[in-house]
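Participant: Sequence:
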Amino acid sequence: MDVGKVVDTALQLVDEVGVQALTLRMLADALGSGTATLYRHFASKDELLVHVVDRILGDVRVDPASLEGLTWREATVAGAEAFYDTLCRHPHALPLLVEQVPVGPNGLRNRERIIGLLLVFGFPVDLAARAFTAIGHYVVGFAIQQHGPGAARPEDRPQLLDFYRSLDPAAYPATAAAAEELTGVPLREEFRFGLDLLLDGLELVRKAR
Numbered sequence: 033m034d035v036g037k038v039v040d041t042a043l044q045l046v047d048e049v050g051v052q053a054l055t056l057r058m059l060a061d062a063l064g065s066g067t068a069t070l071y072r073h074f075a076s077k078d079e080l081l082v083h084v085v086d087r088i089l090g091d092v093r094v095d096p097a098s099l100e101g102l103t104w105r106e107a108t109v110a111g112a113e114a115f116y117d118t119l120c121r122h123p124h125a126l127p128l129l130v131e132q133v134p135v136g137p138n139g140l141r142n143r144e145r146i147i148g149l150l151l152v153f154g155f156p157v158d159l160a161a162r163a164f165t166a167i168g169h170y171v172v173g174f175a176i177q178q179h180g181p182g183a184a185r186p187e188d189r190p191q192l193l194d195f196y197r198s199l200d201p202a203a204y205p206a207t208a209a210a211a212e213e214l215t216g217v218p219l220r221e222e223f224r225f226g227l228d229l230l231l232d233g234l235e236l237v238r239k240a241r
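At the far end of the sequence shown sits residue 241, using the numbering used here, and the numbering has no gaps.
These are calculated hints, taken from the structure and not from any lab test.
Do not take every clue at face value.
[Said to hold, decoys possible] Taking lysine to aspartate or glutamate and the DMTMM-like style, the derived pairs with C-alpha atoms no more than 25 Å apart in a straight line are:
1. 77 to 106
2. 239 to 144
3. 37 to 86
4. 37 to 91
5. 77 to 40
6. 239 to 131
7. 37 to 48
8. 77 to 95
9. 37 to 131
[Stated by the list, open to error] Restraint-style ranges between C-beta atoms, simulated for each label pair:
10. 77 to 232: 36 to 46 Å
11. 220 to 52: 21 to 31 Å
12. 98 to 205: 41 to 51 Å
13. 91 to 220: 10 to 20 Å
Values in this document were obtained by computation on a predicted structure and should not be read as measured data.
Note that the Cβ used here is the ideal one computed from N, Cα and C, for glycine as well.
Using the sequences and the hints given, assemble the complete structure.
Facilitator: As structure tokens, this is what we get:
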């Protein structure tokens with residue numbers, strides 16, 4: 033059995049039913065096979081899910097030619113947005129990004145590309161490593177909070193706005209004043225705002241070195 037097909041099918045099932053609901057029996061049925069065949073390739077469901085995460089990371093593609101002539105910041109934004117867009121396509125798989133450090137071939141390739149890019153732009157090794165980690169944590173964290181299982185839906189925002197407006201303005205004056213901004217900013221704009229704040233900080237640290 034082709035391992036790539038197994039992992040692709042597992043990801044499709046995770047997208048459909050979620051991580052917890054996926055079983056090796058379900059996967060075997062989808063492949064028209066038996067669980068014994070799967071166990072010849074993967075010792076457990078957890079081992080299979082490591083490959084699923086790496087499969088997702090393989091979809092994070094940034095054309096090297098598109099980065100030519102860009103500043104470190106522009107190139108980093110392009111990579112972060114590609115990562116975020118990929119995660120948004122697999123919301124049910126997002127918890128897996130919390131449970132494991134991605135060390136598969138695609139995870140290693142992405143890590144090498146980003147840290148290498150920062151080194152080329154003059155970042156010292158320690159700052160490049162910390163920048164990679166901080167940006168990755170931000171993207172994954174934002175995606176999980178806004179798109180992961182159980183996340184609030186965009187259509188719930190009007191209800192949250194009504195709730196903030198219903199609060200006693202004497203007790204919560206700041207929340208009442210910021211109600212529109214707390215609930216009305218598009219997610220993409222909110223994502224980019226937070227990313228820009230992070231990159232602003234990195235730029236200040238880089239210049240101070």
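Participant: The structure should be examined with respect to each hint, and the outcome stated for every one.
Facilitator: Right, here's what the structure says about each hint:
no.: 1; hint: 77 to 106; in the structure: 38 Å, violated
no.: 2; hint: 239 to 144; in the structure: 23 Å, holds
no.: 3; hint: 37 to 86; in the structure: 14 Å, holds
no.: 4; hint: 37 to 91; in the structure: 15 Å, holds
no.: 5; hint: 77 to 40; in the structure: 14 Å, holds
no.: 6; hint: 239 to 131; in the structure: 34 Å, violated
no.: 7; hint: 37 to 48; in the structure: 17 Å, holds
no.: 8; hint: 77 to 95; in the structure: 33 Å, violated
no.: 9; hint: 37 to 131; in the structure: 23 Å, holds
no.: 10; hint: 77 to 232: 36 to 46 Å; in the structure: 41 Å, holds
no.: 11; hint: 220 to 52: 21 to 31 Å; in the structure: 29 Å, holds
no.: 12; hint: 98 to 205: 41 to 51 Å; in the structure: 46 Å, holds
no.: 13; hint: 91 to 220: 10 to 20 Å; in the structure: 19 Å, holds
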